[in-house]
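**Student:** Protein chains in written order, with this note's numbering: chain A, 299 to 448; chain B, 79 to 272.
Treat the hints with care, since some could be wrong.
As the list claims (entries may be wrong) - Computed list of lysine to any residue pairs in SDA-like fashion (alpha-carbon distance at most 20 angstroms, straight line): (1) 331/A / 358/A; (2) 423/A / 165/B; (3) 423/A / 119/B; (4) 377/A / 132/B; (5) 394/A / 132/B; (6) 423/A / 177/B; (7) 423/A / 136/B; (8) 423/A / 255/B; (9) 350/A / 380/A; (10) 423/A / 162/B; (11) 423/A / 187/B; (12) 423/A / 252/B; (13) 423/A / 163/B; (14) 423/A / 117/B; (15) 423/A / 161/B; (16) 423/A / 247/B; (17) 423/A / 129/B; (18) 423/A / 237/B; (19) 423/A / 226/B; (20) 394/A / 140/B; (21) 394/A / 138/B; (22) 423/A / 267/B; (23) 394/A / 136/B; (24) 394/A / 160/B; (25) 423/A / 190/B; (26) 394/A / 133/B; (27) 423/A / 235/B; (28) 423/A / 118/B; (29) 423/A / 159/B; (30) 423/A / 270/B; (31) 423/A / 250/B; (32) 394/A / 129/B; (33) 423/A / 251/B.
Hints listed in this document are in silico derivations from the structure and should not be mistaken for laboratory results.
As a plain string of letters, each chain reads:
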Amino acid sequence: MWEKKDPTKPQPAQTPATHDSARDMRATVNFGKSIVIKGEVTGHEDLTIDGKVEGKVSLREHNLTVGKNGRLNAELVAKRIIIMGHVTGNVCASEKVELLEGGQLEGDITAPRLSIADGAHFRGKVDMEGGEHASVHADAVASIAGKVSA
Amino acid sequence: MLFGKKSLAASARPATSRGRRGVFPSPGLKETLEHLGGGGPVLDLGPADDGTLSFLGELHHEVQVADLDAAALARGDELPYEQEAYRAVLGWDILFRVPQEQRSALADTLTGWLQPGGVLFLILPLDSQGLGWSYRFRIVGPSRLEYRPGRALLAHPVPSNREVLSLFPGLECNGARILRHGAREFVLRRPPAG
């Protein structure tokens, strides 16, 4: 009933546990609390911002997380945008915008899906049809040479 | 007469929630959505709810959201919205979150945002049992609302129907109804121009 392991049979190689976590670490870039950026941030990786940004953040087909300490006065464009900190500016996601508890957004949302948690704050317009244009917009913005590249 | 712990706790809780979610029919919501038809800018005031915004967004409405908490209302935060710009204004549980002396000014502001012929849809608790509690209302269908208990908020005495109507002398009352779960709804319409 139970298949016994045959010690003579070659077993698939075990992937080291560190491999995935190392890859995950590479896949997300973090801007810590002490980082202050004025200008445009573009990139091809997921990004978490816990610092301050004034300008624009544009991630082609990647996710943007504004951490609890993040203070952004910027236009945001990404595949998925998660806000736990404070954002002033328009937000455009091709997939979804999520405002988590404690998150504050003063600006317009363009996204096909939206999630607002209890304890989040939002003031602005909602356009749920324009989300599909977000990726196009993201591509356009990303093609412009950024002053800061993540 | 002695009250057990359970009955004391129950009396302190709002009649509308009793700690549970609920769904109830709302003829006023139906009327408001019918008035909107397939378009028209909507101003959503009160705790912003993703389900409501998604529902309205999918109906091709342009939705402007002012996520107002009690503190913002009491401060009289500036709400820079265009006069006579909205085909409908939705007020979720907001009117009793401001002190009585500020309600008239808030009502004037709400009235001013409506287009001629526009509709103001208000949800209020039925009585003061809801004081100190808040609810998040969500549109879950063309004539159905869901409520769920939210965080406690500052609150003031709940206005009677007569007080509510007297706050909006420039609007016609299309309906004032008691809903299930201790909620009330008002549909007020600004007369068309001319």
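**Student:** Each of the hints needs a verdict: does it hold here or not?
**Tutor:** Status of each hint after checking the structure:
1. 331/A / 358/A: Outside the cut-off at roughly 24 angstroms; violated.
2. 423/A / 165/B: Holds. Residue 423/A to residue 165/B sits at ~15 angstroms (cutoff 20 angstroms).
3. 423/A / 119/B: 10 angstroms, holds
4. 377/A / 132/B: Holds. Residue 377/A to residue 132/B sits at ~18 angstroms (cutoff 20 angstroms).
5. 394/A / 132/B: Within the cut-off at roughly 11 angstroms; holds.
6. 423/A / 177/B: 28 angstroms, violated
7. 423/A / 136/B: Status holds; Cα separation ~14 angstroms.
8. 423/A / 255/B: 30 angstroms, violated
9. 350/A / 380/A: Roughly 16 angstroms between the alpha carbons, so the hint for residue 350/A and residue 380/A holds.
10. 423/A / 162/B: Answer holds: residue 423/A to residue 162/B is near 17 angstroms, not above 20 angstroms.
11. 423/A / 187/B: 19 angstroms, holds
12. 423/A / 252/B: Not satisfied, since the Cα-Cα distance of roughly 28 angstroms exceeds 20 angstroms.
13. 423/A / 163/B: 14 angstroms, holds
14. 423/A / 117/B: Measuring from Cα to Cα gives roughly 15 angstroms; hence the hint holds.
15. 423/A / 161/B: Since the Cα atoms of residue 423/A and residue 161/B sit roughly 16 angstroms apart, the hinted pair holds (cutoff 20 angstroms).
16. 423/A / 247/B: 29 angstroms, violated
17. 423/A / 129/B: 15 angstroms, holds
18. 423/A / 237/B: At roughly 30 angstroms apart (the allowed maximum being 20 angstroms), residue 237/B and residue 423/A break the hint.
19. 423/A / 226/B: 24 angstroms, violated
20. 394/A / 140/B: 18 angstroms, holds
21. 394/A / 138/B: Given pair residue 394/A, residue 138/B holds - Cα atoms ~18 angstroms apart, limit 20 angstroms.
22. 423/A / 267/B: Between residue 423/A and residue 267/B the Cα gap is close to 23 angstroms, so the pair fails against 20 angstroms, i.e. violated.
23. 394/A / 136/B: Answer holds: residue 394/A to residue 136/B is near 14 angstroms, not above 20 angstroms.
24. 394/A / 160/B: 28 angstroms, violated
25. 423/A / 190/B: 19 angstroms, holds
26. 394/A / 133/B: 15 angstroms, holds
27. 423/A / 235/B: 31 angstroms, violated
28. 423/A / 118/B: Status holds; Cα separation ~13 angstroms.
29. 423/A / 159/B: 11 angstroms, holds
30. 423/A / 270/B: 26 angstroms, violated
31. 423/A / 250/B: 28 angstroms, violated
32. 394/A / 129/B: With Cα atoms ~13 angstroms apart, residue 394/A and residue 129/B stay inside 20 angstroms; holds.
33. 423/A / 251/B: Roughly 28 angstroms separates the two Cα atoms, so the pair is violated.
In terms of the numbered hints stated before, the structure departs from hints 1, 6, 8, 12, 16, 18, 19, 22, 24, 27, 30, 31 and 33, listed from lowest to highest.
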